[in-house]
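Chains P and U, in that order, give the protein sequences.
Numbering-wise, numbering that gives the first Met the number 0 puts 265 at position 266 of the first sequence, and it's gapless, one number per residue.
Numbering-wise, numbering that gives the first Met the number 0 puts 477 at position 478 of the second sequence, and it's gapless, one number per residue.
Do not take every clue at face value.
In silico SDA-like cross-links for lysine to any residue, where the CA-CA straight-line distance does not exceed 25 Å [as the list claims (entries may be wrong)]:
| id | chain 1 | residue 1 | chain 2 | residue 2 |
| --- | --- | --- | --- | --- |
| 1 | U | Lys-391 | P | Gly-355 |
| 2 | U | Lys-391 | P | His-344 |
| 3 | U | Lys-189 | P | Pro-114 |
| 4 | U | Lys-158 | P | Thr-414 |
| 5 | U | Lys-391 | P | Ser-142 |
| 6 | U | Lys-391 | P | His-105 |
| 7 | U | Lys-293 | P | His-344 |
| 8 | U | Lys-189 | U | Arg-204 |
FYI, nobody ran anything at the bench for these hints, they're computed from the structure.
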Amino acid sequence: MSHFPRRSTGSSARREFIRRLMGVSLAPAMRSVASGVSVLFAGGSVAAAAPAAAASTMAGADYGRLLILVELKGGNDGLNTLVPFADPAYASLRPRIALRREELVHVSEREGLHPSLAALQPLWQGGELALIRGVGYPRPNLSHFRSIEIWDTASASEQYISQGWVARAFAAHPVPRTFAADGVVIGNGEAGPLSGGGRVVTLASTEQFLRQARLAAPGRARGGRALEHVLKVEDDITQAARTLGGGELLKTQMPDGPFGNAVRNAAQVLAGRGNVAALRLTLNGFDTHQNQPGIHANLLRQLGDGLAALKGSLVELGRWDSTLIMTYAEFGRRAQENGSNGTDHGTASVHFALGGRVKGGLYGEAPRLDRLEDGNLVHAVDFRSLYATALQRWWGIEPASVLDGRFPQIDLLKT
Amino acid sequence: MARPALAVTLGIASLGLCGAGWAQSLTAVRAASDGASRSVPMGVADARHLLGRVGFGPTFGEVDAYARLSRADAVERLLSDVKTSAGAPPPAWVNEPPTPPRSLREGSVEQRQAFQQQEIRRGLELRAWWIGEMLAGPSPLTERMTLFWHNHFTSSQQKVRFVHLMYRQNLLLREKALGNFADLLHAVSKDPAMVIYLDNASNRRDRPNENFAREVMELFTLGEGNYSETDIREAARAFTGWSIDPDTGSFRWRPFIHDSGEKTVLGQKGNFNGDAVLDILLEQPQTAQTVVGKLWREFVAPDFNREDDRGEVNRIARVFRDSRYDIRTTLRELLLSQAFWAEDNRAALVKSPVDFVVGTLRQFDVRVSDAMPFALVTAGLGQNLFSPPNVKGWPGGEAWINSATLLSRKQFVERLFRGDEMRRTDAGMSMSASGEAQGEARRDASGQGQGQGTAQAQLRQAQFRARMSRAVDETRFDGERWFRKLEDGATLAGNKGSGNAVRDLSLERFVLASAPVNPVPAGVAGRERLRLLTLDPVYQLK
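Between the sequences and the hints, there should be enough to build the whole structure, so can you do that?
Here you go:
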């Protein structure tokens with residue numbers, strides 16, 4: 000795998016991108032995007048407003064294919080996730096927290112997965128798990144908040160965009176109104192890549208959502224943007240609750256813990272009649288500055304067991320071949336361990352892509368521990384290459400209608 | 000929490016509004032007070048609007064008292080009621096000497112963990128103290144402005160860690176909440192929690208840290224686009240030396256790490272120190288615009304995109320500057336502006352979680368013996384006091400409402416107004432918001448995620464959650480008492496026998512900031528009527 004060439008970030012290209020964004024998603028209701036209201040009110044006019052470039056690919060948007068995004072919140076330590084054990088620099092940078100070769104899940108002659116990820120071994124062996132190494136971006140920002148904003152909005156390091164990248168895809172290529180919702184966010188928090196548009200439902204528990212949805216009070220009224228927003232959320236809830244969830248009970252055993260719980264809720268969402276185009280799950284706690292080994296092992300066990308259970312549910316539902324699961328995080332960790340048996344904020348990291356149509360294997364580049372910059376790994380794959388791949392090769396959307404610039408796609412999906 | 004039963008002018012007769020619809024009532028009220036005469040009482044609708052914006056969910060008593068005042072007198076009274084210190088006693092530990100930052104740095108892993116646990120506990124107590132003050136304090140405007148500054152000059156317990164310092168910062172914001180902005184800026188820049196939060200403690204001549212210099216320009220004063228990267232670098236040099244005493248946790252000036260060389264900031268050259276740079280920032284007209292723009296979004300409307308609104312913001316920003324940054328003068332100007340009272344701007348703002356929770360408890364006179372569970376509920380709804388999400392603060396406005404938070408809000412009022420038999424069925428479930436909040440508070444306070452929890456810690460957490468859940472569960476709306484007050488009020492206002500329709504309308508006008516989206520059918524009365532009104536989309540607005 001090669002380094003991707005640095006793309007030009009010329010200001011005219013930037014202006015063109017912003018103009019296109021405005022044309023696609025802001026024109027119907029300028030303020031709605033900035034404020035997180037969707038293009039719901041614009042209805043069909045979104046398509047009408049879309050420029051020719053986007054319109055030409057509209058027919059291709061295939062939201063029958065589900066995208067599940069899993070955020071590893073806090074910044075996952077890639078070096079202890081997919082361990083480059085054969086590189087002597089690895090153990091010397093991490094005398095206290097390095098993992099030994101013999102405890103790893105075998106992946107290649109030089110790398111192995113953290114033992115807590117053992118549940119992913121069958122996926123790896125079945126060729127359904129892609130490990131994309133060295134994912135990051137140029138001029139990395141080490142602040143949690145800013146860096147996750149960059150990932151969520153698919154912006155460049157110094158570029159500020161208020162709308163999430165998936166929300167932009169939905170704005171440019173609307174999800175059919177027959178879907179229960181455009182996307183579902185499992186948890187109480189921010190919508191991340193789904194924020195700033197679309198019919199997005201946030202729920203902490205599917206059962207609770209369905210029980211409480213009767214409290215929603217949709218209606219029509221004239222009022223300011225605040226009332227418009229509340230009415231939209233009431234309406235989104237009511238619509239989603241009509242067809243989401245409520246299907247048969249799944250047999251797949253769900254792991255304990257918050258992530259297992261999130262996976263259970265995701266599976267319940269999908270078990271109903273209603274369809275959604277995207278789901279977002281979060282696993283918290285990767286900011287492992289102190290006492291990393293135990294904490295990280297626990298997190299990765301939750302992740303591995305949770306993803307395996309997610310696969311189990313999707314297979315039961317007949318959705319495994321029409322689902323792409325991708326992980327992301329604001330950054331990886333520093334190559335060298337710190338003085339507290341942990342790691343500080345870093346840059347590039349390994350990410351997972353899995354699903355029935357994923358071509359398993361190693362992608363990107365093994366970490367170059369001999370070529371650190373300020374103690375940090377240099378990225379090999381721009382994260383927007385993963386987004387471009389999902390947009391084009393999964394949903395059939397022209398990436399340029401969503402992303403600012405061209406990013407080489409990764410050949411990790413079966414056609 | 001008990002409030003004296005006061006006369007309630009919710010009744011409509013005194014305003015001549017019998018049978019009138021909402022819009023008409025508002026117009027009538029507006030016409031009455033557009034005379035601007037000091038002696039014209041503003042009436043119920045205006046009083047409710049004003050009190051809902053400057054405080055939290057006004058009580059009968061407050062609406063009644065203010066309805067009799069003119070707008071100008073009402074604003075004057077609010078401004079003169081402002082306090083500079085809190086009424087409720089703070090947690091006892093504020094009087095103990097704080098943990099010295101030095102001892103922590105040099106302590107063992109066990110000591111650090113014990114400290115972390117202690118600070119998490121204390122952080123919760125501090126939140127409960129503040130919520131308590133919002134619920135029962137004598138001047139809701141003081142709390143509103145203290146919260147406003149907390150969200151302007153943000154600091155978070157997550158990073159600061161020493162809860163003592165968060166408490167002291169709150170005292171500072173409170174003391175100067177309606178004082179002088181220039182004063183406040185200088186003071187908060189040297190506030191120990193701020194010095195830690197924006198890394199000025201590690202800003203040294205040989206190793207400058209630009210964090211504070213950047214945020215003071217971008218967020219506290221000038222706003223983005225009104226300074227250059229060079230200005231930030233130069234200003235950062237001026238702020239070197241503002242640090243923390245490792246033994247007391249107080250501010251400490253360290254001349255030996257200060258860069259005393261010449262700097263150029265916004266075109267001015269000199270051997271500036273930090274105070275001199277702050278004065279340069281205060282000279283710029285953009286500073287007043289940044290602050291007044293934020294005040295506008297807090298009190299008046301979600302934006303000022305319209306030409307005349309922009310003009311008004313500029314005018315008030317000039318007043319702010321001409322008064323040498325007198326906050327009281329500026330707030331008076333804002334609250335007496337036409338825009339503040341404009342019909343379009345009624346029910347135009349989304350209630351924050353604090354507005355929603357504290358406001359509901361106040362508006363329905365709910366007695367609360369322990370405020371901590373409600374601090375957790377507001378956190379679960381997205382507003383964890385003392386822990387804003389980042390230096391920009393809570394984004395607020397429409398961002399407060401998504402399907403999860405909206406349903407949690409509705410569940411909260413649903414539980415208040417449902418009868419006892421309903422309470423049990425949902426017990427424990429709807430606390431998930433606050434349960435997660437507690438987890439969040441833990442993560443926040445410790446700066447790291449779960450995983451460190453031993454089985455014992457998890458058990459303690461579960462027990463704590465159950466206790467908080469029970470407390471919210473046991474919170475009662477005393478319908479009998481509340482409706483009696485309403486009736487008494489109507490009687491006093493001369494509305495006796497004026498009929499159900501009038502009573503329904505008066506109830507609606509007290510509960511909601513504008514007409515409901517889904518009118519409650521006539522004949523639905525009492526508790527059930529309140530339940531439906533609070534489930535209406537308009538109940539999310541103020």
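Which hints from the list above does the structure break, by number from lowest to highest?
Those not satisfied are hints 1, 3, 4, 6 and 7.
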